[in-house]
Amino acid sequence: MSIEKRLRELGIELPVYANDTYYGATKYGSMKPFHIIGNVLHLSGHVPERDGNVVHPGRLGETVTLQQGIEAARITGINAMAGMKQALGDLDRVVGIVKSLNFVACAPDFHEVHKVSSGMTDMLAEVFGREIGIGCRATIGIQALALDNCFETWMEVEFR
Amino acid sequence: MSIEKRLRELGIELPVYANDTYYGATKYGSMKPFHIIGNVLHLSGHVPERDGNVVHPGRLGETVTLQQGIEAARITGINAMAGMKQALGDLDRVVGIVKSLNFVACAPDFHEVHKVSSGMTDMLAEVFGREIGIGCRATIGIQALALDNCFETWMEVEFR
Amino acid sequence: MSIEKRLRELGIELPVYANDTYYGATKYGSMKPFHIIGNVLHLSGHVPERDGNVVHPGRLGETVTLQQGIEAARITGINAMAGMKQALGDLDRVVGIVKSLNFVACAPDFHEVHKVSSGMTDMLAEVFGREIGIGCRATIGIQALALDNCFETWMEVEFR
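Chains as they are written, first to last, in this note's numbering: chain A, 43 to 202; chain B, 43 to 202; chain C, 43 to 202.
Bear in mind the hints are in silico, worked out from the structure with no lab data behind them. Each hint should be verified, as a subset may be incorrect.
[To be verified] Below are the DSS-like pairs computed for lysine-lysine, each with C-alpha atoms no more than 27 Å apart in a straight line:
(1) C/157 to B/69
(2) A/157 to C/47
(3) A/69 to B/157
[Stated by the list, open to error] Calculated Cβ distances over 12 Å to all of chain C for the following chain B residues:
(4) 74
(5) 83
(6) 96
(7) 184
For every residue, glycine included, the Cβ atom is placed at its ideal position computed from N, Cα and C.
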């Protein structure tokens with residue numbers, strides 16, 4: 043239970059997805075939360091929701107500040123960890139973040155999308171340690187996300 | 043041949059990709075239709091073309107209505123099934139939609155991208171049943187697609 | 043060493059990523075260059091940087107011409123090959139480009155994103171031959187990329 047201990051040290055509390063199918067299943071359309079092939083966990087898109095509310099809706103470079111975007115990305119990463127726990131039962135089974143493809147809703151001239159994503163990926167490195175927690179990554183600035191979310195991640199995780 | 047029977051029941055007719063390389067191979071640039079690794083089928087992007095014409099070109103929230111977007115997504119899913127059939131020979135070999143990453147060309151303030159994608163994913167659930175047909179999913183609203191298509195899907199499928 | 047010979051014939055010189063961690067590791071945020079699972083190499087996003095400078099910054103259909111976009115995509119593919127070499131040691135180990143998801147920063151009415159990507163995928167076909175070098179593909183026109191890059195690729199490669 044070392045990851046759970048680490049989460050407590052960092053003051054991070056995971057939402058519990060275990061008792062419902064998936065927060066997105068009805069609200070965000072027909073999908074399942076995860077799919078496992080061999081030792082790879084594929085997660086559906088995660089967004090910066092908290093208690094059912096969208097955190098910092100809008101677009102970076104317009105109504106959402108860089109600091110708010112970074113916070114939204116951090117919350118998204120926490121939700122993604124809750125998705126890993128729902129799928130794997132125990133976060134200590136995670137042996138590597140394979141990769142995350144990250145989407146930042148933004149203005150046409152916003153060129154700091156990578157700084158937003160680091161709000162998530164820096165946090166994952168803190169929780170899992172750099173060897174396990176840092177994955178491959180790409181981040182793209184896009185037009186809009188469902189329900190005006192400003193950030194979304196699309197992640198693959200390797201586990202034992 | 044249960045999936046073929048199901049398609050007939052639902053009145054869905056698949057385009058035939060078996061006798062040409064790929065509808066996108068010359069028109070949409072240098073690519074192949076699919077790549078198989080182990081029991082996972084990776085498909086190239088599929089768009090809502092029918093008989094070589096782009097169905098409902100434009101952007102959601104501008105010239106394309108939500109209902110038209112949903113129809114475009116449904117047609118895209120039918121084309122993706124044709125791609126699965128081209129690759130696997132028989133759709134009964136499909137044991138799960140791993141995931142689809144979906145792109146909706148849209149206006150900056152269009153926040154219903156998830157409803158568009160459900161035009162595809164609801165149909166796949168009807169054809170394959172929920173256990174097999176519902177995959178992981180993310181949907182992003184983007185700027186533009188090739189030839190003004192309003193929707194595209196990027197899918198992985200598990201098969202036996 | 044047939045691919046290295048082919049690169050020399052084509053006058054293509056790869057940047058060397060072997061002696062640093064990754065050009066993106068600090069500049070573009072917390073990420074690693076690649077992750078290997080079995081015989082599949084996952085690469086982080088690659089962009090058209092050369093000697094640390096962004097080549098043809100801006101958006102297609104605005105400040106970047108189609109020809110410049112095609113050149114940016116070609117340079118991106120060269121950088122991705124450098125990433126493969128960093129990961130695998132020898133490009134002759136590549137047995138197939140599984141797929142690339144490609145991002146083109148562009149204006150709302152730019153519908154030739156597929157032509158941009160072919161600047162990369164045509165080059166990969168020239169280097170590796172069509173059987174190995176042509177992968178699955180999708181290309182989307184997006185709002186903005188980190189540091190105003192006009193192109194990015196997100197690639198998976200099969201190797202022996």
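> Taken at face value, is the distance from the CA of residue 47 of chain C to the CA of residue 157 of chain A at most 27 Å?
Replying inline: violated, 39 Å
> Is the hinted pair residue 69 of chain A and residue 157 of chain B satisfied, with a Cα-Cα distance of at most 27 Å?
Replying inline: holds, 10 Å
> Can we confirm that no CB of chain C comes within 12 Å of the CB of residue 74 of chain B?
Replying inline: About 5 Å separates residue 74 of chain B from the closest Cβ of chain C, which leaves it inside 12 Å; violated.
> Regarding the assertion that residue 96 of chain B does not contact chain C, is the least Cβ-Cβ distance greater than 12 Å?
Replying inline: Answer for residue 96 of chain B: violated, closest chain C Cβ roughly 10 Å.
> Should the label of residue 184 of chain B as a non-interface residue stand, given a Cβ cut-off of 12 Å to chain C?
Replying inline: Non-interface label fails for residue 184 of chain B: nearest chain C Cβ at 5 Å, not farther than 12 Å.
> Does the claim that residue 83 of chain B lies off the interface hold, with its Cβ farther than 12 Å from every Cβ of chain C?
Replying inline: violated, 10 Å
>> Please verify whether residue 157 of chain C and residue 69 of chain B have alpha carbons no more than 27 Å apart.
In response: With a Cα-Cα distance of about 10 Å, the restraint between residue 157 of chain C and residue 69 of chain B holds, given a limit of 27 Å.
The structure fails hints 2, 4, 5, 6, 7 (numbered hints given earlier, in ascending order).
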